[in-house]
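Combine the two chains into a complex, taking the hints into account.
Here the protein sequences line up with chains A and B, keeping their order.
Each residue of the first sequence is one higher than the one before, counting from 1 in our numbering.
Each residue of the second sequence is one higher than the one before, counting from 1 in our numbering.
Calculated from the structure, these hints are not laboratory results.
Be a bit skeptical, because a hint or two may be false.
Just so you have them, the derived chain A footprint on chain B, three or more residues with Cβ under 8 Å [what the hints assert, rightly or not]:
#1 64-75
#2 116-122
#3 182-195
Source: prediction; values computed, not measured.
Note that beta-carbon positions come from the ideal geometry of N, C-alpha and C, so glycine has one too.
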Amino acid sequence: MTIRHHPGDELLLSYASGAANEAVSLLVASHLALCASCRAAVAGAEAAGGSLLARVPPVALGEDAYRAVLSRLDAPSARIVRQANLEGDVPAPLQPYIGVSFDAVPWRPMTAGLAHYPLVTKGGMRARLIRAMPGAAVATHTHRGEEWTLVLTGSYHDGIGRFAAGDVQSTTPDIKHAPTAEPGPVCINLAVTDAPLVFDGLIPKIAGWVFGF
Amino acid sequence: MMAHASTLSPPGAFGFVRPVRPRRLPARGPVALMEAKPDQAALWNAAVVAVAQARDRAAFQRLFDHFAPRVKGYLMRLGAGNAIAEELAQEAMLAVWRKAVLFDPAKASASTWIFTIARNLRIDAIRKERRPELDPNDPCLMPAAERRADESMDWAQAEVRLHAALSQLPREQSRIIELSFLAEKPHSLIASELGLPLGTVKSRIRLAMARLRQALGDGS
Chain A
1 MTIRHHPGDE LLLSYASGAA NEAVSLLVAS HLALCASCRA AVAGAEAAGG
51 SLLARVPPVA LGEDAYRAVL SRLDAPSARI VRQANLEGDV PAPLQPYIGV
101 SFDAVPWRPM TAGLAHYPLV TKGGMRARLI RAMPGAAVAT HTHRGEEWTL
151 VLTGSYHDGI GRFAAGDVQS TTPDIKHAPT AEPGPVCINL AVTDAPLVFD
201 GLIPKIAGWV FGF
Chain B
1 MMAHASTLSP PGAFGFVRPV RPRRLPARGP VALMEAKPDQ AALWNAAVVA
51 VAQARDRAAF QRLFDHFAPR VKGYLMRLGA GNAIAEELAQ EAMLAVWRKA
101 VLFDPAKASA STWIFTIARN LRIDAIRKER RPELDPNDPC LMPAAERRAD
151 ESMDWAQAEV RLHAALSQLP REQSRIIELS FLAEKPHSLI ASELGLPLGT
201 VKSRIRLAMA RLRQALGDGS
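Okay, chain B solo, but in the shape it has when bound (with noise of 0.2 Å):
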């Protein structure tokens, strides 16, 4: 198990090579949440229009000094080293000014648009995987029966009830979402580092995204 687990996460990545003592996130709750408060996110939105419409260089800026530095630690907190994280987050950064005319305010935020295009340029690169698409504006996607909730929400509001949902999940539930998110492992793996029950962190997942659908206001 050890060598397994050597293997998908790197030595020196972030400490989860040990199964039965993992390394602690850092510290979390409503106060690091302040950083996605609504009208800073609003702020970042408007950037992102902002490089899309007047092809803005000072929004541009600010973005990048914002966001590289999250993207280069995002992918090293994955395993990547300093150089190729360095040359994925200018990339990112890249793409954030060349794909900003398809940023949708209404679908997503400009953190978690971010965040997808880092996922996948990281998975293109350093995994040499294709990755499977969903293009959320795609008028062929089949809509809903009823008006749900990814459909023309307000997703400023949204994002607002949703990171309050992420702050307020029990700490057993957030820290597998965010072992889902920052360390590239099988659920299984997950589980055994924390000395769970395969079943634990399946049921744990799934409170955990129900909550994030209620805020979403998706079935509720």
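In isolation and in its complexed conformation, chain A is listed as follows (with noise of 0.2 Å):
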């Protein structure tokens, strides 16, 4: 798997503060699973969190802490596993929203050969997979927000580049453009958006609001 398109050191940079929500942090987790390099540019940017951390003015604890903590030493806790499944093609940070298996996904179809599963909505953050049957294309759209698109399985292209597993696509208002999955695998996307988009049409209008896009 080469990865050509990375999330972007303000996005990594958020998601190791913890600033970045659920939704955008689902998105980077689950792209460095695939990517190494993106990983290492997140344990540099949480070790500075680390050194913040040790030079944030202390604030003492109240006198009972310590034993209150103690207290709960040997308290039975839940155990300590690894959760992460290894069959299957579901990065482990999207384990917990959907299972191991896009397949066991209870996709909802949109138009001819796409079908979308919400996964998070808080405020105006969404994220959704959405599964593209190749040579199925979302309708030309615009955004009013940025939106992220990491690409699970397959690829697309959509003018502007060719996006493959692994690869993050970041749109900002002003792109226009219309993503159309390639010949190959079937292509699965997580997609973000930060504000609702914008379909060019009456028709993809409509169903942008059925669907909640």
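Here it is as structure tokens:
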């Protein structure tokens, strides 16, 4: 897997600092599962967090704090287990949301060759999976806000570039595109938007409204 | 803009409610970084390993005395009230005890590991959100094509280079990194509060991250 398009430092830093919301964090963490170079960048940023923790002005705890914690050390706690499943192609951070197989996702059909499945909706931020059969195209649209798309399987092109498994495409409001799945494996994407998409034409507009884009 | 800023940064948190006059962060520089000198970092790492391997309570108490007030300070810095910060600091130290077996000094230093615990507890308890997280020891991670910095490097050495790089960042870059960690707000808001174009903030982030990458031996 050769990843050509990365989330970018701003997103990696937001993820490392904890400022990124759940939808963005899901996208970044899933990309990290596939990208060693961005894992290294996040490790660097987290170390900056560790260094800041060492320098933040300490605030004393209550007098009984240590005793309170001590009394809980022997209490039974959930066993620490690695939850990631080695089978299948669902990145570990996505597994708590959909399980270990894309086939088992309760896909909701949209237009020809397209289906989606919402994962996170909070505030204006949404994360959803989009499945496109080879050749299927999303109607031409622009964006009111930013959109990030992580390709999980297969690939698509949109006239701006080609995006394959592991790649992240960031689009800003000024970009107008119509992503089309390429021949080959089914193209499954994790799409995160912070505002609804804006479709060209009445039918796509209505469809976009119906499907919550 | 003022109203928006106040909702993101609770009054009395860290004074970033006023867009044009952000409170200065505490003095920093090489002296402040003594905290992170390598032998001290190695001692903290060893303490977590002792907790993991021997359930060493003396080592745990040293970790508690040092890190619990810092975790509490970090949480309050991000706007948590005293009571919730106290509670979460205790939870974080309990997690240090319980999860010590997962600590791998080859992947991160103790202070970085404890930072990630506190960060995630905060997201869970205060923001009531899930934190999609990557387990760096997960065997199903896609390996790097060639040897990369994050696989099997000497983290103790990397940490020294990293802290040197952090202390040498130009003030304008380190400020933005600090604000990203210590004031939870979008970079667009950080830009407007500092009176900078968003593009400038983004390019400072890129420059700073490039230095950190280089310090880790990635791409250098």
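Broken hints, by number: none
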